[in-house]
Amino acid sequence: MKTLDISIFSLFLCFLLLLISFFTSFLLKLSLSKTILISVSRMTIQLILIGIFLKYLFKWNNPFINLTWLMVMIISAVYTVISTSKVKFTKFFPYAFVSFTFSTFLVILYVNKFVIRIDNIFDAKYIVVLSGMLLGNTLRSNIIGINIFYKNLRKESDQYFYILSLGATQFEAILPYLRESMLSALKPTLATMATMGLVALPGMMTGTILGGASPITAIKYQIVIMIAIFVCTNISVLLTILLTLKVSFNNYGILRNDFFRDK
Amino acid sequence: MIKLKNINLRFGNKVLFDNLNFHIKQNDKILISGKSGIGKTTLMQMILGFSEANSGKIFFKSEKIDRKNIWDIRNKISYVPQNIRFKHLKIELIFQNIFDLKHNKTISNWIEKLPKLLEFFELDEDILEKNWNDLSGGEKQRISLIIASLLNRKIFFLDEVTSALDESLKMKTINYFLEKEDSTILMISHDKSWCENNYIKNFDLEKQI
Numbered sequence: 000m001k002t003l004d005i006s007i008f009s010l011f012l013c014f015l016l017l018l019i020s021f022f023t024s025f026l027l028k029l030s031l032s033k034t035i036l037i038s039v040s041r042m043t044i045q046l047i048l049i050g051i052f053l054k055y056l057f058k059w060n061n062p063f064i065n066l067t068w069l070m071v072m073i074i075s076a077v078y079t080v081i082s083t084s085k086v087k088f089t090k091f092f093p094y095a096f097v098s099f100t101f102s103t104f105l106v107i108l109y110v111n112k113f114v115i116r117i118d119n120i121f122d123a124k125y126i127v128v129l130s131g132m133l134l135g136n137t138l139r140s141n142i143i144g145i146n147i148f149y150k151n152l153r154k155e156s157d158q159y160f161y162i163l164s165l166g167a168t169q170f171e172a173i174l175p176y177l178r179e180s181m182l183s184a185l186k187p188t189l190a191t192m193a194t195m196g197l198v199a200l201p202g203m204m205t206g207t208i209l210g211g212a213s214p215i216t217a218i219k220y221q222i223v224i225m226i227a228i229f230v231c232t233n234i235s236v237l238l239t240i241l242l243t244l245k246v247s248f249n250n251y252g253i254l255r256n257d258f259f260r261d262k
Numbered sequence: 000m001i002k003l004k005n006i007n008l009r010f011g012n013k014v015l016f017d018n019l020n021f022h023i024k025q026n027d028k029i030l031i032s033g034k035s036g037i038g039k040t041t042l043m044q045m046i047l048g049f050s051e052a053n054s055g056k057i058f059f060k061s062e063k064i065d066r067k068n069i070w071d072i073r074n075k076i077s078y079v080p081q082n083i084r085f086k087h088l089k090i091e092l093i094f095q096n097i098f099d100l101k102h103n104k105t106i107s108n109w110i111e112k113l114p115k116l117l118e119f120f121e122l123d124e125d126i127l128e129k130n131w132n133d134l135s136g137g138e139k140q141r142i143s144l145i146i147a148s149l150l151n152r153k154i155f156f157l158d159e160v161t162s163a164l165d166e167s168l169k170m171k172t173i174n175y176f177l178e179k180e181d182s183t184i185l186m187i188s189h190d191k192s193w194c195e196n197n198y199i200k201n202f203d204l205e206k207q208i
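Each protein sequence line maps, in turn, to chains V and U.
By the count of numbering that gives the first Met the number 0, the first sequence reaches residue 262 at its end, each step adding exactly one.
By the count of numbering that gives the first Met the number 0, the second sequence reaches residue 208 at its end, each step adding exactly one.
Hints may contain errors.
Straight-line C-alpha distance at most 30 Å; calculated DSS-like pairs for lysine-lysine [unchecked claim]: (1) U:Lys139 / V:Lys150; (2) V:Lys154 / U:Lys139; (3) V:Lys87 / U:Lys67; (4) U:Lys13 / V:Lys85; (5) U:Lys67 / V:Lys90; (6) V:Lys154 / U:Lys75; (7) U:Lys89 / V:Lys150; (8) U:Lys171 / U:Lys24; (9) V:Lys150 / U:Lys129; (10) U:Lys67 / V:Lys245; (11) U:Lys67 / U:Lys101; (12) U:Lys89 / V:Lys154; (13) V:Lys245 / U:Lys86; (14) U:Lys169 / U:Lys112; (15) U:Lys86 / V:Lys87; (16) V:Lys186 / U:Lys89; (17) V:Lys245 / U:Lys56; (18) U:Lys179 / U:Lys191; (19) V:Lys154 / U:Lys34; (20) U:Lys56 / V:Lys154; (21) U:Lys101 / V:Lys154; (22) V:Lys154 / U:Lys129; (23) V:Lys186 / V:Lys245; (24) V:Lys186 / U:Lys86; (25) U:Lys101 / V:Lys150; (26) V:Lys186 / V:Lys85; (27) U:Lys179 / U:Lys56; (28) U:Lys4 / U:Lys191; (29) U:Lys169 / U:Lys75; (30) U:Lys4 / U:Lys75; (31) U:Lys129 / V:Lys186; (32) U:Lys75 / U:Lys200; (33) U:Lys2 / U:Lys75; (34) V:Lys150 / U:Lys67; (35) U:Lys63 / V:Lys245.
These are computed hints drawn from the structure, not numbers from a lab.
Construct the complete structure from the given sequences, taking the supplied hints into account.
Quick look at the structure:
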């Protein structure tokens with residue numbers, strides 16, 4: 000079984016469906032027409048570009064190019080985490096980069112080598128596509144975890160000082176905050192796993208089934224990717240926080256103001 | 000024992016300390032006074048290394064406080080800040096966590112001392128089963144004073160520790176600390192009751208500026 004291709008004309012027919020949305024926007028005066036047009040155009044252009052890009056990536060299937068592209072994905076993931084938090088780019092970037100690279104590579108190479116057991120563990124189809132899913136999903140959890148860690152420490156600095164005064168080492172004092180941020184980062188993925196298959200068919204499964212695989216193969220891939228996402232989040236949040244401690248705190252064990260973009 | 004020399008501290012344009020000098024001798028009982036926002040708490044926090052001065056030096060037993068010795072100095076001072084916020088934890092577990100810290104592992108007799116201190120501060124032993132967030136302000140203050148006493152330290156920094164206590168408990172608490180002849184005590188309080196005691200020296204921050 001092969002996935003049916005969609006012709007350009009069929010795609011045009013698909014766009015026709017949007018007329019319904021334009022109509023309701025007009026009817027209810029939602030003033031959404033312009034936004035719909037921009038969003039749909041952006042999606043189309045971006046996907047066309049990535050489609051062409053992936054086509055060549057798969058065609059060349061050169062480990063060096065695949066890894067370079069993986070690095071680009073990791074850098075943009077780190078960049079997104081920094082832009083949604085209040086930490087300073089130059090201070091945070093190197094540590095988060097190391098943490099993201101380490102966790103992504105560890106998990107993806109393990110999966111490729113021992114779980115999917117492909118001969119070329121740097122095969123574009125597997126390493127680029129799976130890492131993309133991994134990074135896209137761990138990204139959200141990392142934003143939650145890292146933001147909660149530093150936000151709570153700043154908000155509750157008095158309580159943190161008090162724990163230090165009670166005799167805690169720096170690590171003992173940050174431990175409650177580390178715990179809280181790890182829990183917040185991991186809980187969404189745990190909740191998703193617990194409802195998986197009940198609420199909606201996950202994207203990866205849909206793709207695998209349409210790609211011609213049997214539902215049994217599809218669920219196996221889904222299980223693999225969910226566990227990979229969970230473990231990768233676990234490692235990256237923990238590692239990012241532990242690695243940044245050296246630059247975010249001064250030698251007195253106090254959070255440095257110049258680690259953050261706002262004072 | 001603790002000496003602050005020519006301390007300058009600014010927050011943006013606001014000058015908090017301008018060439019401040021302050022000397023705490025061993026076994027002194029000193030009340031820091033002055034209006035709100037003048038820097039009483041900051042003064043305590045500077046000695047504990049939680050707040051850094053723009054210039055000036057702080058000495059602890061003639062040793063200049065720096066990033067190396069601050070960790071030992073903190074362990075010599077029992078600090079009771081205002082508004083302690085433990086997470087939603089059982090009181091018993093809070094005590095347990097504090098005495099499980101590596102540095103406090105040597106304090107083994109806290110469990111024997113605890114009932115007596117609870118009784119002295121007029122708290123029922125049932126309180127150990129309650130959650131921190133369910134305690135009243137006065138109960139929280141007394142628990143934090145008990146923690147401070149159990150740490151076996153000879154220096155106390157007490158920041159507004161009697162504000163939520165009733166009159167008789169207030170006097171009891173004040174006397175409890177002032178009667179510790181071999182302890183050095185630095186306190187902040189808007190309570191006049193502390194001043195009525197002759198042992199207390201007053202350090203008025205308003206007169207330093």
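- Structure versus earlier hints, numbers of those that do not hold, lowest first: Violated hints: none at all, because every hint is consistent with the structure.
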